[in-house]
Amino acid sequence: MFKIKVDMEKCQHYGQCVYEAPNIFKLNENDKLEYLASADESERDNVKASADICPMQAIQIID
Amino acid sequence: MNLINGPMLKTLIVGAGMGGLRTAESLRRYKYPGQIQILGDEWHMPYNRPPLSKELLAKDQDLDQVSFPIRHDDLNAEFSLGDSVQQLSLEQQSVTLQSGKKIEFDFLVAATGLRSRKLVFPNNSQNGRFALRTFDDAKAIRQAAESGKDVVILGTGFIGLEVAATLKGLGCRVKIVAMEDIPLGLVLGESFGKEILRRHESKGIDFYLSNRVIDLVGDSAITHVKLVDGQTLTCDIFIEAIGSEANVEWLEGNELDLSDGLLTDSSLRAVKNNGTSVSNLFAVGDIARYPNLRFGLPPRRIEHWNIPLESSKRTAREIVHQILPGSIVGFENESGFNPMPTFWSDQFDISILSFGDLRLADENRLLEGSLDGEFAFGYYKNESLVAVAGVGMKSTIHSLRKEIAT
Ligand SMILES: Cc1cc2nc3c(=O)[nH]c(=O)nc-3n(C[C@H](O)[C@H](O)[C@H](O)COP(=O)(O)OP(=O)(O)OC[C@H]3O[C@@H](n4cnc5c(N)ncnc54)[C@H](O)[C@@H]3O)c2cc1C
Ligand code: SF4
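Sequence lines, in order, name chains B and D. Here our numbering is used: the first residue of the first sequence is 1, the next is one more, and so on. Here our numbering is used: the first residue of the second sequence is 64, the next is one more, and so on.
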């Protein structure tokens with residue numbers, strides 16, 4: 001398991017992260033980002049890809 | 064191709080921006096076994112450019128707020144900064160730097176991006192004159208942009224409009240001059256563009272459209288700009304946001320097509336004038352001009368943030384496949400490089416999001432919402448949806464994305 005943190009001050013809710021890790025990130029009906037705060041190792045590559053693609057560089061992986 | 068460095072083969076990446084960094088990261092991710100060296104002419108480690116016209120400029124942030132996090136142990140790449148590449152010799156598999164250094168390579172990745180285009184005026188005074196592409200540019204603008212200053216921005220593209228909104232927020236008086244009659248009209252369509260114009264005007268930005276700056280006034284520093292229609296505008300800060308030119312001069316003399324960026328095939332390998340692909344030279348990011356597979360239209364460059372990312376991944380896979388055939392699962396079935404472009408833009412409280420290639424469209428329609436609030440447009444070519452864009456309505460835009468033909 002590893003932890004995920006999104007800096008909500010930075011996040012602009014563009015939802016680009018959703019395509020890389022759909023099990024972890026989603027936009028809710030109010031267009032706000034929701035995400036799981038921890039994930040299984042099998043999701044690590046996807047979450048890394050989300051962190052890379054995030055335009056605001058708001059996603060952090062914490063080991 | 065000749066692997067001149069034997070088992071210690073070397074990939075040289077020219078350009079230490081996002082595309083350059085992501086190429087190095089992807090090479091390691093796909094288990095590339097050799098050396099990696101990244102050459103950059105800026106003194107800074109790779110950083111994120113979009114905040115330069117937005118948060119960084121608004122909040123006067125420092126470089127550490129926009130630098131990409133790098134895990135040096137995993138990356139295992141050598142950075143050589145502050146020295147620009149002057150000349151490539153494909154034949155010798157080497158590049159020459161401004162300092163005179165010569166570096167050999169097995170694979171070369173061109174990721175030198177763009178620079179801002181600048182005009183030449185009869186009075187070509189530079190004092191008080193700016194453009195925005197780099198961190199240093201953003202800092203210079205921020206330093207000059209005190210509250211109450213008169214700013215004239217040339218151009219109604221995304222960067223011009225974002226800078227206008229940010230500097231307005233800092234208390235400057237902002238005017239925009241452009242040849243177009245509708246900001247972003249050619250990109251997003253007439254009604255979308257008119258609404259953007261209305262919102263900027265309602266925030267107090269003055270527009271001088273279907274117009275042009277023909278000269279600058281002022282000796283030691285710019286005080287005014289002259290427009291083609293005879294008006295003269297007070298100006299302390301003059302910002303040119305009229306698009307960009309690709310940094311390709313260093314590639315000249317190698318029989319490559321450099322007419323607009325670096326022309327590639329659909330694997331992002333550079334294409335020679337005689338039509339053959341160069342197996343060890345790749346283009347990544349803003350300078351890559353790659354074929355349009357779906358519509359068979361001429362190859363084009365796309366200046367959006369996700370292209371460096373996607374093109375670097377693709378290039379890394381191609382390189383690793385050449386060195387270690389069979390090591391990349393599914394590579395044989397990979398189709399040509401054709402990712403879905405996406406961009407966003409923030410201007411005041413206007414948040415624009417888009418997916419797809421807007422330039423393909425010959426028609427657009429309002430699909431959801433209303434122009435004075437949140438809305439989403441669909442863009443069509445021969446009746447098939449090729450792009451969506453809107454203000455707000457992010458969930459709607461995301462769900463429409465699925466229907467886009469790429
Ligand atoms: C102000 C601004 C705001 C933006 N906002 C958005 C946005 O909101 N949304 C969006 O989708 N996109 C945006 N973009 C576009 C996005 O930032 C670019 O698409 C992206 O930076 C391209 O990355 P790149 O690696 O191809 O090029 P770059 O990031 O330009 O990197 C190229 C690097 O190579 C260096 N270089 C050039 N020539 C040489 C040489 N001869 N030798 C050595 N080094 C060299 C350059 O100095 C530079 O450091 C924005 C761009 C700017 C400038
Ligand atoms: S990609 Fe980044 S900015 Fe966009 S919703 Fe995800 S975390 Fe937020």
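Simulated from the structure, these hints should not be mistaken for lab results. Hints are supplied without guarantee of correctness; some may be wrong.
[Said to hold, decoys possible] With the Cβ distance kept under 7 Å, some of the chain D side facing chain B (calculated, not the full set): (1) R364; (2) L372; (3) Q385; (4) P404; (5) W407; (6) F411; (7) H461; (8) S462.
[Claimed, not checked] Take a look, some chain B residues computed to stay more than 12 Å from chain D by CB distance: (9) F2; (10) K3; (11) V6; (12) H13; (13) A37; (14) D40; (15) S42; (16) E43; (17) A49.
[As the list claims (entries may be wrong)] Simulated restraints, written as ranges between beta carbons of each label pair: (18) B:F2 / D:V183: 52 to 62 Å; (19) D:G359 / B:I62: 38 to 48 Å; (20) D:I277 / B:F2: 39 to 49 Å; (21) B:I61 / D:E209: 37 to 47 Å; (22) D:K181 / B:I62: 41 to 51 Å; (23) B:I62 / D:D127: 12 to 22 Å; (24) D:E397 / B:K48: 16 to 26 Å; (25) D:S210 / B:K32: 31 to 41 Å; (26) D:D292 / B:N23: 40 to 50 Å.
Cβ atoms here follow ideal geometry from the backbone N, Cα and C, with glycine treated the same way.
Under 7 Å is the threshold here; is the Cβ of L372 of chain D close enough to any Cβ of chain B for the hint to stand?
holds (6 Å)
Could one say that the CB atoms of I277 of chain D and F2 of chain B fall in the range 39 to 49 Å?
violated (59 Å)
Separation of H13 of chain B from chain D, once the least beta-carbon distance is taken, above 12 Å
At about 6 Å from chain D, H13 of chain B fails to clear the 12 Å cut-off, so the statement is violated.
Evaluation of the interface hint that places R364 of chain D against chain B, nearest CB under 7 Å:
violated (19 Å)
Checking the smallest CB distance to chain D, is K3 of chain B really beyond 12 Å?
holds (16 Å)
Can the suggested window of 37 to 47 Å be confirmed for the beta-carbon pair I61 of chain B and E209 of chain D?
holds (40 Å)
Assuming the hint says 38 to 48 Å, is it satisfied by the Cβ distance from G359 of chain D to I62 of chain B or not?
The hint (38 to 48 Å, Cβ to Cβ) holds, given that G359 of chain D and I62 of chain B are roughly 47 Å apart.
Hint check: 7 Å Cβ-Cβ cutoff, W407 of chain D to chain B:
With a minimum Cβ separation of about 5 Å from chain B (threshold 7 Å), the hint on W407 of chain D holds.
C-beta pair K181 of chain D, I62 of chain B: status relative to the range 41 to 51 Å that was hinted
Given range 41 to 51 Å: holds, Cβ gap about 44 Å.
Beta-carbon spacing of F2 of chain B to V183 of chain D - inside the hinted bounds 52 to 62 Å or not:
Cβ of F2 of chain B to Cβ of V183 of chain D: about 54 Å, so the range 52 to 62 Å holds.
Over 12 Å to the closest beta carbon of chain D is the bar; see if F2 of chain B clears it.
holds (14 Å)
Outcome of range test on Cβ distance (I62 of chain B, D127 of chain D; 12 to 22 Å):
holds (19 Å)
Violated hints for the displayed structure, listed by number in ascending order: 1, 3, 4, 6, 8, 12, 17, 20 and 26.
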